[in-house]
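Trainee: Okay, here's what each chain looks like letter by letter:
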Amino acid sequence: MTNSHSEFRQGHIIPPEAAPLKALTVTMTVMCYLACLAIGALILINRAVDSWTSGLSREITVQVRLLQDSDIDKELANAKALLQTTRGILDVEVLDRSAGAKLLEPWLGPNNLDDLPIPRLIRVTIDEKAPPDFVALEKDLKKSVKGSSLDTHRRWEAELTRMAGALSTLSYAILVLICISTIAMVIFATRTVLDANRHVVDVLHLVGAKDGYIARQIDSRFLKTGLMAGLFGAVLGILTFFLLGLTGTAGGGGFADASRGLLFAPPAIAAWSYGALLSVPLIATLICLITSRVALIRMLGNVL
Amino acid sequence: MVRLDSVGLRYGDGPEILKDVSFHLKPGSFCFLTGPSGAGKTSLLRLLFLALQPTRGLISIFDRDVTQVSRRELPLLRRRIGVVFQEFRLLDHLSTFDNVALPLRVLGRREEGYRADVMDLLSWVGLADQAHAFPPVLSGGEKQRAAIARAVISKPELLLADEPTGNVDPVLAKRLLHLFMELNRLGTTVFLATHDLKLVSQGKASVFHLEKGILKAA
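Residue numbers (our numbering), protein chains in the order written: chain G, 1 to 304; chain P, 305 to 522.
Please keep in mind that the hints were generated in silico from the structure rather than gathered at the bench.
Quick reminder that beta carbons are idealized off the backbone N, C-alpha and C, glycines included.
Just to be clear, a hint being listed does not mean it is correct.
Stated by the list, open to error - Sample of chain P residues at the chain G side, in silico, Cβ under 10 Å:
| id | residue |
| --- | --- |
| 1 | Arg382 |
| 2 | Asn403 |
| 3 | Leu411 |
| 4 | Arg454 |
To be verified - Far from chain G by the CB rule (all over 10 Å, computed), these chain P residues:
| id | residue |
| --- | --- |
| 5 | Asp317 |
| 6 | Lys323 |
| 7 | Thr346 |
| 8 | Arg383 |
Could you build all of it, start to finish, from the sequences and the hints given here?
Mentor: So, in C-alpha cells, the structure goes:
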C-alpha cells in the first residue's frame, strides 16, 4: 500500500451535496439585484436634487404684470435698474415676451397669445454666498415697479427637496427590507443545512467537536453563496442600467438619461456609482457569513 | 473516574427507564454491563457520554458533576471519552480512513501527523484494505471495526462501547476484546455493554447487570 498524499485527500466533513444552497443563491441574487436598483435610484435622486436645488438657489425671478395705466417697457427698465444696483445680484436678464408665452403654452395653446397681457419675466442670478435681502428687495420692487412680484423659488425648492427626501427614504426602506429578507432567508437556509446534516453534527459533537469548529465546516459555503449571489446581482444591476442607458436619445430625459448619468458620468462621479453598486457583493457576503455563523452557533447551542 | 448516585432517567412523561442506578468506575477499571434488550443499557451509556442529562441523581465524570458542566466545556470532556455506538454512526460520505481519523481532525491535528497511526490501527482491526472504502460498501462487521477504531484512535481515558462485538464472528470478537483489554492495560477505563455472555466470561472483569432499569452487581 502506498501512502501518497493524493490517496488521502480529506473529504468534506459536511457533504456539500446535502442541502445544496442553490435556492438561497438564486433568491439572494434577486435580492442583490433589487438592492442595486435601489442604490442606483438613490444615487440618481440625490444627484438630481443637488442639480435642481443648486440651479434654483442660484436664480430668482421677477415677474412684471401688464397693468392698464402702465408702460411695461418702462417698468421693466425700472426693475432692471433697481436689480442691477442691488447688492448680492450678479446678473439681470430681461426675458422677451415669447419666454412668458412659452410658459403659458401648455394651458392656452400656441395660438391666440398675441392679444393676451402676458407677464414679462426677469431672470436674476444671485450670489449664493452673499444673497440679497429678499424682503427688502421685494419691498423696493413693489414701490418702484408697478405690477411686479418676486419669486425666490424657495417654495419649489422646498417641495422638490421634500419629494426627493421621501423618495430617498423609500429607497433606504427598500434596502433595509432587502437586508431583513436576506437575513431571514439565510437563517432559514442555515436551519435546512443543519437539519439535513443532523447525523453528522451529532457525531461531531460526540467526538468532541466544538460548536465553532462545526460552524466553520458549514459557513464557508455561506461565504461562497453570499459572494456569488452578490456578484451576480451587481453584474445584473449594472447591466440593467447599461441597457437602459442604450435606449432613448441623449438629452431625452427619463430612465435612459438617468442611467447614462449613473454609469457614464465623469470618472470621479461614475467611480462613486460603481463603488456603491459593487459594495453589494461585499455587504451580501458579510450578511450571509455573519448571519449563518450567529444562527449556527445559536442552533448548535440548543443541541446537547 | 465515573460515579453515579441514585440516578433516574425518564424520557418526557414516560416511565422511568433507569431507577436509582448507582455505581463507581475506578480509573483503569474494566467493566461489563449486561442485560436484556430494553433494560436501559443504551440509555445508561448515553448518560455516560453526556448525550443526556439525568432526571434525578448525581453523575460525576472525571470528578465533574455533569449538571455543572457548561456547554463550552462539554467538547473538552467528550474528547476524553471514546464511544462505540450500537448503530456505528459512521459518516457515509467519508472514507473509512476519514471516519477513523475524525476525532483527530476535530482536535485540529494535521493529516500528515496522524496518517501512520490511523493506518496502523486500521491494519490492527483488519481494515487496512478498506481504508478508502466508504461505509455503505462495508459489511456490518467491518463497520463495527471502523467504529471501534474511531473510538480508540485518540487513546481516550474512558471507553464506552454499546454491543461492540454484536456483528462480528467469535474469532474477531475475541480479537476486539483483546484490543479493549490492551487499551485498558495502557490505562483506559473500559465500560462495555453487551449481550454476549461468552465475551463477558473471557473478559475477567467486573460485571453489572441491568434489568428493567435496575442495576445490580453480578
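Trainee: None of the hints should be skipped; say for each whether it holds.
Mentor: Against the structure, the hints:
About 4 Å separates the beta-carbon of Arg382 of chain P from the nearest beta-carbon of chain G, less than 10 Å, and the hint is met. Because the smallest distance between the Cβ of Asn403 of chain P and any Cβ of chain G comes to about 9 Å, under 10 Å, the interface hint for this residue holds. Annotation: interface hint on Leu411 of chain P holds; nearest CB of chain G at approximately 7 Å, less than 10 Å. Of the supplied interface hints, the one on Arg454 of chain P holds, with its beta-carbon coming within about 7 Å of a beta-carbon of chain G, less than 10 Å.
Residue-level check passed: Asp317 of chain P sits 19 Å from the nearest beta carbon of chain G, beyond 10 Å. Residue placement check: Lys323 of chain P keeps its beta carbon more than 10 Å from all beta carbons of chain G (closest about 22 Å). At roughly 14 Å, the least C-beta separation between Thr346 of chain P and chain G is larger than 10 Å, which holds for a residue marked as non-interface. Look at Arg383 of chain P: its CB is around 3 Å from the nearest CB on chain G, not clear of 10 Å, so calling it non-interface is violated.
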